[in-house]
Amino acid sequence: MKLRLIIFFAHGLGWLSRITRRGSGVMLTGRMILKLQPNAAKILSRKRRVVLVSGTNGKTTSTALIDAAIKTSHQTVTNFTGANLFAGIATALSQNNSATVAVLEVDEMVIPWAIKQTSPELVVLLNLGRDQLDRLSEVRVVAQKWKEALVGLPKKAVILADADDPFVVWASQHWKRVIWFSSGSLGHLDASTCPECGEVLWWSEKGDDFSCACGFARPQPDWKFTRDTLKGPKKEKVKVVSGIPGKAAISNSARAVVASTFFDIELDDAADAIARISSVDGRFGKVVIGPTRFRLLLSKNPASWKETLATSAEGPASVLLVVNANTQDGKDTSWLWDVDFSPLSGRRVIVTGDRRTDVSARLNVAGIGHVVSENELAASKIFGSVDADIIASYTAFHRLAKLVKR
Amino acid sequence: MTFTIVHLFPELLGTYGDRGNVDVTAWRLTQREIENEVIAVGIGEKIPKSADLYFLGGGEDDAQIAALEILARKGVMRKIVENGGHVFAVCAGLQILGESFPASAGRVIAGLGIIPIETTSAAPRSVGEILLKPTFSIESERHFTGFENHAGQTRFTDDLQPLGIVVRGVGNGLNTGVDGVVTPQIIGTYMHGPALVRNPGLADWVLERKLGALTSLDASIFDRLHEERVKASQ
Ligand SMILES: [Zn+2]
Numbered sequence: 001m002k003l004r005l006i007i008f009f010a011h012g013l014g015w016l017s018r019i020t021r022r023g024s025g026v027m028l029t030g031r032m033i034l035k036l037q038p039n040a041a042k043i044l045s046r047k048r049r050v051v052l053v054s055g056t057n058g059k060t061t062s063t064a065l066i067d068a069a070i071k072t073s074h075q076t077v078t079n080f081t082g083a084n085l086f087a088g089i090a091t092a093l094s095q096n097n098s099a100t101v102a103v104l105e106v107d108e109m110v111i112p113w114a115i116k117q118t119s120p121e122l123v124v125l126l127n128l129g130r131d132q133l134d135r136l137s138e139v140r141v142v143a144q145k146w147k148e149a150l151v152g153l154p155k156k157a158v159i160l161a162d163a164d165d166p167f168v169v170w171a172s173q174h175w176k177r178v179i180w181f182s183s184g185s186l187g188h189l190d191a192s193t194c195p196e197c198g199e200v201l202w203w204s205e206k207g208d209d210f211s212c213a214c215g216f217a218r219p220q221p222d223w224k225f226t227r228d229t230l231k232g233p234k235k236e237k238v239k240v241v242s243g244i245p246g247k248a249a250i251s252n253s254a255r256a257v258v259a260s261t262f263f264d265i266e267l268d269d270a271a272d273a274i275a276r277i278s279s280v281d282g283r284f285g286k287v288v289i290g291p292t293r294f295r296l297l298l299s300k301n302p303a304s305w306k307e308t309l310a311t312s313a314e315g316p317a318s319v320l321l322v323v324n325a326n327t328q329d330g331k332d333t334s335w336l337w338d339v340d341f342s343p344l345s346g347r348r349v350i351v352t353g354d355r356r357t358d359v360s361a362r363l364n365v366a367g368i369g370h371v372v373s374e375n376e377l378a379a380s381k382i383f384g385s386v387d388a389d390i391i392a393s394y395t396a397f398h399r400l401a402k403l404v405k406r
Numbered sequence: 407m408t409f410t411i412v413h414l415f416p417e418l419l420g421t422y423g424d425r426g427n428v429d430v431t432a433w434r435l436t437q438r439e440i441e442n443e444v445i446a447v448g449i450g451e452k453i454p455k456s457a458d459l460y461f462l463g464g465g466e467d468d469a470q471i472a473a474l475e476i477l478a479r480k481g482v483m484r485k486i487v488e489n490g491g492h493v494f495a496v497c498a499g500l501q502i503l504g505e506s507f508p509a510s511a512g513r514v515i516a517g518l519g520i521i522p523i524e525t526t527s528a529a530p531r532s533v534g535e536i537l538l539k540p541t542f543s544i545e546s547e548r549h550f551t552g553f554e555n556h557a558g559q560t561r562f563t564d565d566l567q568p569l570g571i572v573v574r575g576v577g578n579g580l581n582t583g584v585d586g587v588v589t590p591q592i593i594g595t596y597m598h599g600p601a602l603v604r605n606p607g608l609a610d611w612v613l614e615r616k617l618g619a620l621t622s623l624d625a626s627i628f629d630r631l632h633e634e635r636v637k638a639s640q
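One line per chain: the protein sequences are A and B, in this order. Under the numbering used here, residues 1 to 406 are what the first sequence spells out, in order. Under the numbering used here, residues 407 to 640 are what the second sequence spells out, in order.
Among the clues, some could well be false.
Where chain A lies over chain B, by a calculated footprint (3+ residues, C-beta under 8 Å) [unchecked claim]: (1) 429–437; (2) 517–527; (3) 593–603; (4) 624–632.
Cβ pair distances, simulated, as ranges [stated by the list, open to error]: (5) F9(A) <-> R548(B): 42 to 48 Å; (6) L377(A) <-> T408(B): 44 to 50 Å; (7) A516(B) <-> R276(A): 58 to 64 Å; (8) V371(A) <-> Q437(B): 56 to 62 Å; (9) G315(A) <-> Q437(B): 43 to 49 Å; (10) A516(B) <-> E314(A): 22 to 28 Å; (11) L377(A) <-> D564(B): 56 to 62 Å; (12) V371(A) <-> R484(B): 45 to 51 Å; (13) V151(A) <-> R438(B): 37 to 43 Å; (14) R484(B) <-> P38(A): 56 to 62 Å.
To be clear, the hints were calculated from the coordinates, so they are not data collected in a lab. Note that the Cβ used here is the ideal one computed from N, Cα and C, for glycine as well.
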């Protein structure tokens with residue numbers, strides 16, 4: 001079958017799945033395309049400039065931001081939010097034939113496949129940290145996979161890599177064309193030993209520098225973002241603001257500005273386009289449940305909980321935690337003990353979700369007063385008519401995100 | 407007297423919520439108004455030699471070897487045990503105390519040799535809920551519940567008492583049907599952090615081995631968690 005026909009057929013199936021409310025159809029479409037033409041992603045990438053975006057945290061947001069910036073002067077295709085495995089990538093590429101750029105979010109473990117298939121021009125690597133350890137491999141195993149895959153990049157490809165993350169540095173450092181980005185993120189939960197030799201890694205007191213006796217060290221950044229200003233290697237300078245709350249979002253915005261420079265987009269234009277995005281895939285969306293007006297926040301792993309708790313602490317006084325332990329959340333809740341919940345103290349805290357007892361035990365030991373509740377509706381009756389945050393783990397978040405008013 | 411708890415190298419051995427075991431132990435003492443102090447020993451910091459209870463958690467290969475090297479220097483870990491220190495060791499922490507354990511690229515690393523166990527790698531990785539029947543009687547607990555995630559499996563090279571008989575999960579593996587190890591001063595297990603949160607009876611038992619009988623504690627949330635997790639894995 002001709003690829004064009006396959007795509008037509010697969011999109012038809014996806015459309016059927018949507019109108020019969022079986023699902024969004026994205027996965028079905030992608031799976032069908034790859035089944036009938038395993039090299040579809042390769043063929044569909046040929047005439048396009050491809051950007052791959054990967055990392056443990058921030059890939060969905062970063063992809064949306066980079067896409068927004070590039071869109072100011074090119075037609076683009078991009079993933080349906082979060083559909084970052086083989087099928088999601090194939091579906092993204094099968095859209096809009098006249099788009100010249102593809103901005104693709106890629107799961108960390110799918111990077112080797114994505115590099116081979118799409119021959120990207122730019123690979124944006126955000127960070128590598130602990131995710132759900134019960135189903136994903138150890139951090140260094142993922143870093144090793146990246147390292148091996150990056151060697152196979154097209155000669156002219158550029159890696160835009162985070163200079164503050166030892167695992168990202170280690171995986172990227174041997175590539176000739178690396179652009180190092182730093183947003184001054186401090187320390188690293190999972191990098192106490194050197195990725196190169198295994199000895200204990202030296203960290204500066206402040207956590208902004210690392211090195212090892214074997215020679216492995218933090219590279220000098222080419223682009224540096226501090227507070228609200230991004231500075232480049234040729235004295236470029238631009239102010240970056242984010243429409244999405246939180247420190248991670250502002251770093252991701254600055255990095256997205258750097259990524260857009262590869263497509264000859266003016267810094268100011270990129271920064272403007274990025275600042276206009278205020279919610280990605282329901283994150284920070286508004287949901288009304290019972291009498292309570294909720295803002296929806298996603299947390300996936302220790303690093304993202306740390307970030308989300310800090311962002312939420314600047315928000316409303318009331319906060320609801322929803323923690324599940326389904327496959328996509330990670331079935332192991334031990335990470336609860338690796339997260340500092342003290343930003344919750346003094347706030348009005350309610351806990352729900354399948355694993356609310358685990359969370360309650362955790363908060364008890366941390367000395368944080370809270371109430372345990374059956375579900376979100378019961379919690380809203382306790383909160384009453386106020387603004388509140390919901391911090392939800394993956395599966396709870398995606399259930400609630402469907403209620404977000406768009 | 408202050409009960410001193412030492413958390414050894416949280417940066418290296420703390421992958422799976424191991425801090426939970428430390429925190430809940432201190433919390434249970436505080437609730438009973440027993441004075442206590444937690445010392446988190448970082449890499450390169452001085453290790454207290456005569457604390458009451460030492461915690462060794464889980465970690466990845468390189469971190470495990472780095473921790474081993476520090477604990478082997480001048481026989482510091484051996485001296486701690488000889489001085490009467492008690493140890494609660496999980497996963498990588500347990501393996502370190504034995505005769506040998508596996509590392510990447512087929513290497514075999516000599517351990518501290520403090521307990522007669524040896525660990526070899528066994529595929530596939532053992533991941534999931536684990537349920538044990540204790541090998542000794544604990545009034546309040548007929549089961550221990552935990553989560554395990556390890557590539558190594560462990561056998562005894564001499565007579566030893568395991569911590570529990572495996573009802574669900576793998577534990578020490580290698581067809582032994584048991585998990586962990588209990589010696590007069592050391593408790594080891596593959597139930598990773600926070601095993602002492604999920605098993606309040608075990609937490610108190612660990613403390614009572616050093617302190618004698620403790621008063622009962624009204625902390626129903628931990629009992630509820632225990633029951634929930636036992637039920638979920640049956
Ligand atoms: Zn090194």
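Cross-check of the supplied hints:
1. 429–437: Satisfied; 3 residues make the cut.
2. 517–527: It is violated, with 0 qualifying residues against the three required.
3. 593–603: n = 4 at 8 Å, threshold three: holds.
4. 624–632: Per the Cβ count (5), the hint holds.
5. F9(A) <-> R548(B): 42 to 48 Å: With a Cβ separation near 58 Å, F9(A) and R548(B) fall outside 42 to 48 Å, so the hint is violated.
6. L377(A) <-> T408(B): 44 to 50 Å: With Cβ atoms ~47 Å apart, the hint holds.
7. A516(B) <-> R276(A): 58 to 64 Å: holds, 60 Å
8. V371(A) <-> Q437(B): 56 to 62 Å: violated, 21 Å
9. G315(A) <-> Q437(B): 43 to 49 Å: Given about 32 Å between the Cβ atoms, the range is violated.
10. A516(B) <-> E314(A): 22 to 28 Å: With a Cβ separation near 51 Å, A516(B) and E314(A) fall outside 22 to 28 Å, so the hint is violated.
11. L377(A) <-> D564(B): 56 to 62 Å: With a Cβ separation near 58 Å, L377(A) and D564(B) satisfy 56 to 62 Å, so the hint holds.
12. V371(A) <-> R484(B): 45 to 51 Å: holds, 48 Å
13. V151(A) <-> R438(B): 37 to 43 Å: violated, 58 Å
14. R484(B) <-> P38(A): 56 to 62 Å: holds, 58 Å
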